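Participant: Please put together the full structure from these sequences, using the hints given.
Just so we're aligned, residue 311 is where the sequence shown starts under our numbering, counting upward by one.
Any given hint might turn out to be false.
Said to hold, decoys possible - The calculated SDA-like cross-link candidates involving lysine to any residue, where the alpha carbons are at most 20 Å apart (straight line), are:
1) LYS381 with LEU463
2) LYS403 with LEU364
3) LYS378 with ILE441
4) LYS403 with GLU430
5) LYS375 with ASN420
6) LYS412 with PHE358
7) LYS426 with ASN436
8) LYS412 with ILE399
9) LYS378 with TYR320
10) LYS450 with TYR320
Worth flagging that the hints you see were computed from the coordinates, not collected in a lab. The structure presented is a predicted model; accordingly, all values stated were derived computationally and were not measured.
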Amino acid sequence: MKNHEILTSYLEDLSLEELNAIPEDFNNNIFWNIAHTLAHQQMYVYVFSGQTPLISEEWITNYKKGTKPTKNVDKMDVEYLKSKLIPAINQTKIDLHNGLFKNYQPYTANSGSTLKNIEEAIIFNNFHEGIHHGAISGLKRAINARKEKRLPLVSGL
Numbered sequence: 311m312k313n314h315e316i317l318t319s320y321l322e323d324l325s326l327e328e329l330n331a332i333p334e335d336f337n338n339n340i341f342w343n344i345a346h347t348l349a350h351q352q353m354y355v356y357v358f359s360g361q362t363p364l365i366s367e368e369w370i371t372n373y374k375k376g377t378k379p380t381k382n383v384d385k386m387d388v389e390y391l392k393s394k395l396i397p398a399i400n401q402t403k404i405d406l407h408n409g410l411f412k413n414y415q416p417y418t419a420n421s422g423s424t425l426k427n428i429e430e431a432i433i434f435n436n437f438h439e440g441i442h443h444g445a446i447s448g449l450k451r452a453i454n455a456r457k458e459k460r461l462p463l464v465s466g467l
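Facilitator: Now the structure itself:
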């Protein structure tokens, strides 16, 4: 839950320009990293358990591994993502408590970790979100450095 509260605060505190910025030497932006963590949480927990995810298939397709930003997001995109981050974790807690995730399809991540059950998926998801928190921190530093020098924010889109 704490991870998703922090991710929500980025969406509330940063401007659209900052959320969309792709600084030099980066291939994605802050918004993509946040959306990616939600897409993967839904995949690790719901999809690999044979359950219907709480977000659209299109959202998962647009933000899963191997994707990158293809457009600048707008306020509606930000509001949608904000509206899903905390409720997704709340519903996951309920569904976990109710035993919804009994049939888990093993999944091997890029790190070589094989997730064999829902407990391993949740642990790995927290690790994965930590990686993207680090990426967001790097993006924020690069964006702030440009702002301090009064340079325009860089976007690859």
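Participant: Take the C-alpha atoms of LYS412 and PHE358, compute the straight-line distance between them, and say whether it is at most 20 Å.
Facilitator: Measuring from Cα to Cα gives roughly 10 Å; hence the hint holds.
Participant: Quick one, are LYS378 and TYR320 close enough, alpha carbons at most 20 Å?
Facilitator: holds (19 Å)
Participant: Holds or violated: are the alpha carbons of LYS450 and TYR320 at most 20 Å from each other?
Facilitator: Distance of about 10 Å is within 20 Å: holds.
Participant: Measure nothing beyond the straight line between the CA atoms of LYS412 and ILE399; if it is 20 Å or shorter, mark the hint as holding.
Facilitator: Judged against 20 Å, a Cα distance of about 18 Å means the pair holds.
Participant: Taking 20 Å as the top limit, are the C-alpha atoms of LYS375 and ASN420 close enough?
Facilitator: holds (10 Å)
Participant: Against the 20 Å threshold, does the CA-CA distance of LYS426 and ASN436 hold or violate the hint?
Facilitator: Judged against 20 Å, a Cα distance of about 16 Å means the pair holds.
Participant: Quick one, are LYS378 and ILE441 close enough, alpha carbons at most 20 Å?
Facilitator: holds (16 Å)
Participant: Below or equal to 20 Å on CA atoms is what counts here, so check LYS381 against LEU463.
Facilitator: holds (15 Å)
Participant: Keeping to a limit of 20 Å between CA atoms, is the pair of LYS403 and LEU364 held or broken?
Facilitator: holds (13 Å)
Participant: Take a quick look at whether LYS403 and GLU430 sit within 20 Å of each other, Cα to Cα.
Facilitator: Holds, at about 15 Å.
No hint from the list above goes unmet by this structure.
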